[in-house]
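Undergrad: Listed below are the residues making up each chain.
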Amino acid sequence: MSVNEREHKEPLIRISKRTGISAPKAWGIRAAALLLALIVAGLVIFAIVKLSPVKVYITMFKGALGSPRRIWVTVRDTMMMLCVAIGLAPAFKMRFWNIGAEGQVLVGGIATAFCMIHFAALPSPLLFLIMIVASIAAGGIWGIIPGIFKARWGTNETLFTLMMNYVAIQLTSYSVARWENPPGSNSVGIINQTTKAGWFPAVFGQDYMLNVLIVMTLTVLMFVYLKYSKQGYEISVVGDSENTARYAGISVKKVYIRTMALSGAICGIAGFLTVSGASHTISTATAGGRGFTAIIVAWLAKFNTFVMILISFLLIFLEKGAVEIASQYNLNEYASSIITGIILFFILGSEFFINYKVNFRHTHS
Amino acid sequence: MELETAVQMKDITKRFGDVAANNKVNLDLRRGEILSLLGENGSGKTTLMNMLAGIYYPDEGQIFVNGEEVSIRSPKDAYDLGIGMIHQHFKLVDVFTAAENIVLGLEEKGKLDRRAIAAKVKEISDRYGFDIDPNQKVYDMTVSQKQTVEIVKVLYRGADILILDEPTAVLTPQETDKLFAVMRNMKADGKALVIITHKLHEVMDVSDRVAVLRKGEYIGDVATKDTNPQKLTDMMVGRAVTLNIDRPKAEHLTERIEVQHLTVKDKDGINRLTDVSFTAMGGEILGIAGISGSGQKQLLEAIAGLQSAEDGSHILYKDESGAEHELLGKNPLDIARLGVILSFVPEDRLGMGLVGDMDLTDNMLLRSYLTGRGVFADRRGPRKLAATVVDELEVVTPSIATPVRKLSGGNVQKVLVGREIAMNPTVLMSAYAVRGLDINTSYTIYNLMTEQKMKGVAVIYVGEDLDVLLELCDRILVLCGGQVSGIVDGRSATKDQIGLMMTQLQSKEEQA
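Residue numbers (the numbering used here), protein chains in the order written: chain A, 8 to 372; chain B, 11 to 522.
Please note that a few of the clues may not be correct.
What the hints assert, rightly or not - Chain B side only, calculated, beta carbon under 10 angstroms to chain A, not exhaustive: (1) Y66; (2) Y67; (3) G315; (4) P342; (5) L343; (6) A346; (7) P356; (8) D358; (9) M362; (10) V365; (11) A387; (12) R389.
Keep in mind that the hints were calculated from the coordinates and are not lab data. For each residue, glycine too, the CB sits at the ideal point set by N, CA and C.
From just these sequences and the hints, can you work out the full model?
TA: Following this line, the structure appears as C-alpha cells:
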C-alpha cells in the first residue's frame, strides 16, 4: 500500500494564516525585509558591476538627499506621488479600479496650463482660484465619466479608466501643438517665464513649500474623510458588498459617481501642483507614470494616507537614488531599476509574512 | 459484534493564533457505523474533520488509519488513505456534467473514456441507491443532486471513510430521508461514516454513535440508542437546557403589512412570485415554509424595498393610526423615512446583512450612520450597542473591534439579529435565521422572535425545519413555486400536510 511509502513526518514547511499581529511586530517584519532587500541588492550589484554595494548605497542616498536642493526636489516629487495616491484612495477603497489617475493628472495639468497661458494678466489670487477650480473640474470630469458608466451600465472600470488615459494623452498632444512656444519646438516651453504668472510663490523662502502645505492638508482631510465621515463609511460598505449597501439604503450608483468625481478631482489637483508648482510646463510626460505607481502606494498603505507619506517617500527616494547611480557609475537606467525592483519585491513580499505564518517542522517534542 | 476501527485520532490539538480550536481530542471512527459529531458552533467539529481531509494539519497529536500512523498533508493524501469529505459548500464546476465533475482532478493516463466513467458512476449509484444522471450539467441540478455528485465523486475515488459536513442543512425533509437511506446502504457496505449536523432528530434517526465536542474539548461519546436529545444537548452545552419553544398568544393582533397580488419577475423574465397575497399581523409570527428557492428571498426583499415588482402588486404598511403606506417602489431609506421600522435578517448574512471586513461597531453603524450630526458618522451609540449585543447574546469575539468575518457563523448571526432587534422594529423579517446554528443559539433566536411578537411586532419567519415552524409560528404560509399554496394554523397543522403543500399547489385546486 502506498501508505507505507509515506513518511510519517509532518510537512517541512506549513503556512497558516495569522489571526492578528501586533503593530511593532509587523513593522519589524517590514524593516527586516528592507534590510534583506539591501543585502540581496548589494550582492547583485557586486556580482554584476563589481562595485562596492556600500558605495552604491551612499551614492543613492546622496542622489536623493545629498544637498538642500536635492532634498527639496525629492520632497516635491514625494508630494506629487502622495497627492495622486490620496486621490486614488477613495476609489480603491470602494474597490473601483481607477487605473486612470494618469489621465486625470494630465487633464488637471492641461486646465492649469490653459489658465496660465490665457489668463496671465489677471491678478494673482484670482488666477490661482481659477486654476484650482479648473484643474479640479477637469480631473473630476475625467473621473466621473467612468463612474457614471459603471453606475448606469455596469461597464468595466479598469478598461474604461485606462482608455481615458489615452484620450488624455492625445488631448495633451493637441494642447502642446496649439501652445507651442517657440514655434517648431514641439513643446510648450516654460510658461510665463518672465512674469511668473500662475507660478507657486515661495513660502518661508522655499519654492516647494506650498506644494507640501497643500498635499499635507489633503492628507489629513482624506484620512478624516475616509475614517470618520458618513460618505467615507458609505465607500467602505460599497467596497465590501454592494448588496449590503443596498440593504442599508445606500444608493450605490450615487456613491460610485460621487467618489469617482472626488478621486478624479484630487488627481486633477496633482496635475495643478505639477504644472503650477513644479514644472511650469505641460507635456505628455507630465504625469510621468505616477498615476500607476500611486496605485502601489495606495494599496500598500491600505488607504491610510499617513502611511502613504512614508511609502511615497521611499519610492521617490529609490527613483532619485537610481538615477544618481546610473549617472555616477555610467550604468544604464536598467541597472538601477534592478535595485529598485529588488527592494520593492522584498517590501511587497513582506506583507505575505505579516498575513501568514510559516511553520517549520517541529524540533521540540 | 466488535466493529473494526478505521481511524483513530489521538490527542489532536489545533490552534489558530491563541485559540485552541481542538485541544487534545481523541476520536475513533469505525467501519459499518455512522457517527454523529455534535457540538455548538465554534466547538471545533469542522476543524477536526478538516484535519482528516487534509485541509488543515494538526499542531499536535497522531492520526492512525487502519492501525498505521499517517500524515495527511493534503486532500490528495486523504484520498489515498480512502478518506473523503463532503463539504458544506459544494466545489463543482457548473458547466460540466456530473461525470466530468466526478473525474475532475483524477490523474488517469490515456484518453478520457466517458463511457467507462458513466458505467462506473452507474455502478456506484446502483450499489447505494443514488439517483444520478452522469450526463446532466451541474447548473441544471437541484442542491440535493449537486450533493449527490459530491458524494459519488468521493466514492469514485475509492473512499471508504466518508465525512459529511452538515449535509442536510440545505435539503428538504424528503431529500434528507433519501440521503439517510443512502448513508445506511453505505454503512451496510462496511464504510465508516461521520455526519456533522445540528438537528438532533437527525442524529437520533441516522447515527449509531454520537461524539460530542464542546469548546474544542472532547466531551465523550454515547451509543445513540442509550441517549435522547435532551441528554445530548446537556452534554453539548455543558448545562441543562430547556428545549421547549413557548408559544404564548398575543393579546392584540393588529394588521401590519398587507401584500396584494405581488408578482415578481427575475431578470430573465421568469416569475419568481406569482400573485402572492397575505396579511402579516403585529403580535404574531407568520412562518413561511417552502422548498428553498420557492420565492422566499424575493418576497422578503420586496417588502424590504430591495426588489421591484410587476404592475398591480401592492405592499401596504398600516401604521398605528390606521394610515396605509405603499412600500413597493421605495428603497430601504425611503421606507425608514416613512417612519416604518423594518428589521430584516437576510439569508446571506455576510453578503447582505453585514460588512465582513468591518468590526462589530461599524456593523452596528450600518443602520444608523445617517443619524450622526453633520458630515461625520457618530460611532458612540453603535459602540455601546455592540457591547450590549455581545453581552446579552453571549457573542464569542475577541473584542468589538474584531472584523465580523473572523467570527464563527453562529456569532455572526447573533450580531446581525442583535442589531436588527435593537432597532425596536414594528416588522421583523428573518430568512433561515438559524441555518447552521447550534441548538442552544437556535433556541436563543426562537425566544427573541417570540419576545418581539409579544411586543406587538409583526414577525415574518422564513424557515426550513418544519418541526420548528410548527412549534414557533402562529400561522404558516406555504409557498410552492412562487405561489401561495395555502396558509395554515401553526397550532393545528401537521408536518405531512405542509410537506405536501410545499410540493403541490393544492389549495387553489380545492378552492376552484
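Undergrad: Evaluate each hint against the coordinates.
TA: Here is what the structure says about each hint:
1. Evaluation of the B:Y66 hint against chain A yields a held restraint, the C-beta minimum of about 8 angstroms falling below 10 angstroms.
2. The criterion of a C-beta within 10 angstroms of any C-beta in chain A is met by B:Y67, whose closest approach is roughly 6 angstroms, and the hint holds.
3. About 8 angstroms separates the beta-carbon of B:G315 from the nearest beta-carbon of chain A, less than 10 angstroms, and the hint is met.
4. Hint on B:P342 holds. Least Cβ distance to chain A is approximately 4 angstroms, under the 10 angstroms limit.
5. The interface hint given for B:L343 holds, since its Cβ lies 3 angstroms from the closest Cβ of chain A, which is under the 10 angstroms cut-off.
6. For B:A346, the shortest C-beta to C-beta distance to chain A is roughly 7 angstroms, which falls under 10 angstroms, so the interface hint holds.
7. Hint status for B:P356: holds, given a least beta-carbon distance of 7 angstroms to chain A, under 10 angstroms.
8. A hinted interface residue such as B:D358 counts as satisfied when its beta carbon comes closer than 10 angstroms to some beta carbon of chain A; here the least separation is about 7 angstroms, so the hint holds.
9. Because the beta carbon of B:M362 sits about 4 angstroms from the nearest beta carbon in chain A, less than 10 angstroms, this interface hint is met.
10. The closest approach between the C-beta of B:V365 and any C-beta of chain A is roughly 5 angstroms, which is under the 10 angstroms cut-off, so the hint is satisfied.
11. The closest approach between the C-beta of B:A387 and any C-beta of chain A is roughly 5 angstroms, which is under the 10 angstroms cut-off, so the hint is satisfied.
12. This hint holds: B:R389 has a C-beta 8 angstroms from the nearest C-beta of chain A, less than the 10 angstroms allowed.
Against the hints set out earlier in the document, no violation occurs for any number.
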